[in-house]
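Each chain, letter by letter, is given below.
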Amino acid sequence: MEREVKTFVIPNELCKRAGITATWLTVDQLSVRAFEKRNIKLPDAPSNFLSDTPSSIFHLRQEVILFHPILRKLVNESCGVFIAVQNLIVNKNPADYKVELFKMSRQYRSIIRACLENLQDDLSEAKGQEKEQLQNYITIFYSVECIWHLCEILFVDIIPGNLVLSQLLEWIRFHFPKHERNAATMLASESVNLETHQDYWNTVFGSLLQGRVKIVRALLRPHSSADHPTFKLVDQVLRAMPICSGVNGTSINEFNIQWRHWTMDVQSKIDAKLFSSEKHLDLIMRLVVGEEKAWIEIQDHCEAWYEFLAGWMFYTEPTAKSFELGQYAKRSITKMRVANNLKHLDRVILAAMEFDIFQVIKEIQHMTENGWFVAHLSDLLFHSSRLTSLEKEVPNFSAEKLRESFILEYGITLMGHKSLWPVGLSYLDHCTHDGNQVIALLLPRIPLDNEAKTLKIIREAKKRDLNDVVQCICKAQGMLSLKRGRIGNALCWALKSQDGPFTSYLADKFLQDYIKNGKLGSTDLLDNLGSCMLVSDRLIFLGKYFEFHKLYQTQKYKEAANLLISLLASKIIPKYFWYVLLIDAIPLLESEELLFSSNDTFTIMHCAEQKEDLPELKDKLNILKLSAARNLARALTYEAQNE
Amino acid sequence: MVASNLGTLKPLSPLTSTIVGLNRMMMVPVYLVIEDWFESIVKHLVPSWLYEVVGLMGANMFLDTDNFVSSSSSGSVYLMRTCQPYNDQIHLKTTTEWKNIHKFDNGEESPCTTLAVYEKNDIITVGEDGCINLLNSQSQRILRKIDNADSCSIHCVIFLKHNEILTSNLRGQMKIWDLRSQNDQPTNNFMLSGDQVTPTCLTYHPTQRHLLITGDDLGALTTWDLRHNTYPINVLNAHEGAISEIQFHPDQPDHLFSCSSAGEIWHWSTKAKTGSSLMPESDPNVWLAHDNVKNKLEVFTLMPTLGKSINTLDLSRNKVICGCDNEAIYLINGVTLC
Amino acid sequence: MVSIINSIDTGHEDMIHDAEVDYYGLRLATCSSDNSVKVFDIKSGVQTLIDDLKGHFGPVWQIAWSHPKFGNLLASCSYDRKVIIWKEHQRKWAKYYEYANHDSSVNSVQFAPPEFGLILACGSSDSSISILSYNQGTNSWDAKKIQNAHAIGCNAVSWAPAITPLFGNGEGDQKPQLIKRLVSGGCDNLVKIWREDGDRWVEESKLELHSDWVRDVAWAPSVGLHRYTIASCSQDRRVVIWTSDDCLNWHSTILHTFDDVVWNVSWSLNGNILAVSGGDNKITLWDQNSEGVWQCISDVAKGQGQINN
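Protein sequence lines correspond, in order, to chains W, X and Z.
Yeah, the first sequence ends on 643 if you go by UniProt numbering, and it's all consecutive.
Yeah, the second sequence ends on 338 if you go by UniProt numbering, and it's all consecutive.
Yeah, the third sequence ends on 309 if you go by UniProt numbering, and it's all consecutive.
No false leads were slipped in.
Lysine-lysine pairs mimicking BS3-like chemistry, simulated, CA-CA at most 25 angstroms apart:
id, chain 1, residue 1, chain 2, residue 2
1, Z, K43, W, K418
2, Z, K95, W, K516
3, Z, K282, W, K6
If you're looking for bench data, these hints aren't it; they were derived computationally from the structure.
This is chain W alone, in the form it adopts within the complex (with noise of 0.2 angstroms):
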């Protein structure tokens, strides 16, 4: 796909001067700033770019006008249809949903115009550059919703024989509403010469080319000659005009019977002058009976080629099938000669009616609506099955990947705004490629503005399974907690994610705090670690050892001296903390009460003999031994007496 290549300018001397160079920062900014080439052989001095003024850094972002507050609505809405959609497919076989899709086509639809409503309602009251902007969102949705339409009609709808001429004016009738807004306005102010109102005439060749024959009749009936013969006749042949009923090859035959009986008489009528007193009227009836010059005369009154189009077919082949939609619309466009002035918008409804998905496809693309468009009609379109097809006419096509490259792009410029990434998440949960890489990717890098936030992304990360996902931001957000000197939460997060290493990281730092200062910290947590202290040896460690403590402050002692005998024994006991058990042990071993056996009071004196190197024991050895030695023999005597 050829595309056009922009170009922007950095608005900065120094990057005029030295060069410039960019680095991704987050998913869609681009940071952009001076560069210098330098050479590694240049010597280490100022480069000649030293100054007095500052160099700059320039952060880029390609315009999201999907963040505008209203158009955050048309977001937020049409992912509840997104989600409809997949879910319906997930559900039936396409035999069934095709009725569906098309409804599902209109909410989009009906979307849109809410909120091309909405932004209406706002420019009546903006100035302004915020007028301009809102402006453009209107131009922009407008074209959408006209594709959009279009491609409904054509390849999402199932009109019955093909027969694709009532769906197009209905189409132009939306799109060109100001004559039937003009009419009714004529029509209710009961004149009896209407024909002086100003947008007269180009009100009823408006409604003519729109297929409102009774309305042409009923602008007519208050003209001031209304009564003249001509008049009369006008309304009788228009009145006579042949209305297809049936879809079926036999209702149509007898259609086109009828339509050439009528055009005939017309045609007669109009040879015979009958009409020529009234050159209005005259081109009226030169105009139904398809007459090349009389189509040429009408073309100013057609604001677009489209409209000339529908007006064209209704009245010379008001029996097309679709698939001749194109040919009909290449020949509007040469007759109105705009062949070489076509606008974007042109080009798409040129495409469409082709038939031409893909080029459809391609225009749509660039409609500055940031992929919203694309992304929802290419996910559409896949399901009614419509880009399946083209892998057979387009080498190298994948109808999957191309419909998921859109969804995933649209998901991920959503995933960057802060309230919006969750509705990007529903786009992403159904690209079955790289979607949940994507999530796994993007989904921490949501700054953790407060622990709510973080639930929450931690939710949608196991909704997922992604586990390391989940630990990776509890491990963040208790980085956090423990630089904000909250290590009791800190821990807290450690365990939500079974974080072993980092929960004897903290746990480390507990009994490393403990040491400083002697006291132990958040003892409300430690009080009720419950079978969480499982995921590390070092918070069993902890744990327990607050347990000592407490039995030890409400003195009981017995209780004490025999978990600390049980924890002497153990294998968890971390090398720094050694000698502050030991320590710990010589009051209860010179408690009044006799609270180690002979066997406890061995098990101490073996465990100092062999940490006896530890230099934080030094000074506190000889005090321990020789407790111990007395412990030892109250213990031995009192085991005596007792045998």
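Dock chains X and Z against the given chain W, drawing on the hints supplied.
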């Protein structure tokens, strides 16, 4: 057990669906809804988008019809008044600001996670800094501050009596505090469960205040009788995802409403007693039953799920309102309460 | 439309050599020829200088942020032959570790993907690459050196994403072993792939194509595909995209031959867009179209006379 859709969705604006849109001043539509339909208060009615505009994030609670308190993720708390000087425009005015009353030891701002109000004046705020503040709407001063009330962040708070509050922290530890006591220790504490589950919301029964229900991160409802607390009376595995809010109907306490991060909003009602004459009238409150609570309750979904988190709900008479992650507020009208 | 959402006055008195935002995009670090490293808060769209880090005695070439799960560490490398790792405490950064075991200017520092732990790679003009690993147990840094990685000098290093190899299929719950790899580019015109093998680093592949110094290399983040992609740029004015399924057989595609030396290449977060900065004073953005062909989507040009402020 989830039965038919009871409520009818009433569009609040002439749109394709029932979404109250984002206006530039987002508080306005929220408030209009409250004013039109509600006498009671809307709390937590602030999905994340609001803070972008007014700079608010945490919880909101009305003290009376005009004044409400709002907490922010920057650790400040604001008393705000709604005034309506001209035509339809409703304006918000900050009348009192308690600036940075939650902060971490390293000087960083701490989010004020939630707040609770008692009657019209007393306000309790709690934060990720583990601190509890008692405020009064009539005073700029902090009446009482418990620093380091919890070594983990406090996520929920509720008034039990005017001098007693209950807090719960990140890992489900619940503490009861006597505000009169000068001692910075809780009078009681117990665990939500042994598994580090974070409680996400708390509520009590309107007429039996000792009956407390907690909703948690895993979607369970846990009922407590505070007369003998330490163990829950029963645990109901209810929602998919975290429970965002639970509320008893203020006038009809047989009805409970809950919403979840999975986008569910449920109406729980006590089953009509069939053949009750034969059954001995035991405890009239089914929530206090030790077993088979599920069989005594009917659950209705109030709204088809949108797949986006419902962050908050409030109710008045037969109307329920909820705020959803798709930046919309939904009003559910005509909820059957009998 | 592209718009400048933020324009940050760094206050550096000389050329900025690198500007990196942290993992969440909330903080910006910059380094300059004026020997300093600065850290800014850019959270709310307004820049606030948090700290000005002085510790180097020569131009600071490159900086790198660690993953937040290791706390927000910052690494910087300089012409003064040193690598400094900085640690934040109460919004001030202090030297946490200094590595001075290079004999010449250190040109590039990069933290490894967090899955591997806290590891830093440094490329130097003394032709070697150092790999510094933090050991939590002993609270110390352990250095390994790849000597003679690139003759004359190493200009850039970049880590491979931590992706699990395809063949380690899900028999049992055992996690497949992650393999640490990095790519480097140097003055010997080569791009080299290094793999950790036990306690050594070995040269796994040597990619020859460039005909002049390789200025920058960037290993693309891998999304989905178990496929490795590397971009390299050189003074030979070319940008080359290297792809491989197994890290052994590499396929090269010349993205484009530019009008001037290409200095930097940078992959977007999800690896779908490559930003190329060239001596032609232009930054061009490239992506792969549905047929797999690389195409230019946009470019950002230098001042060109349209100077406001």
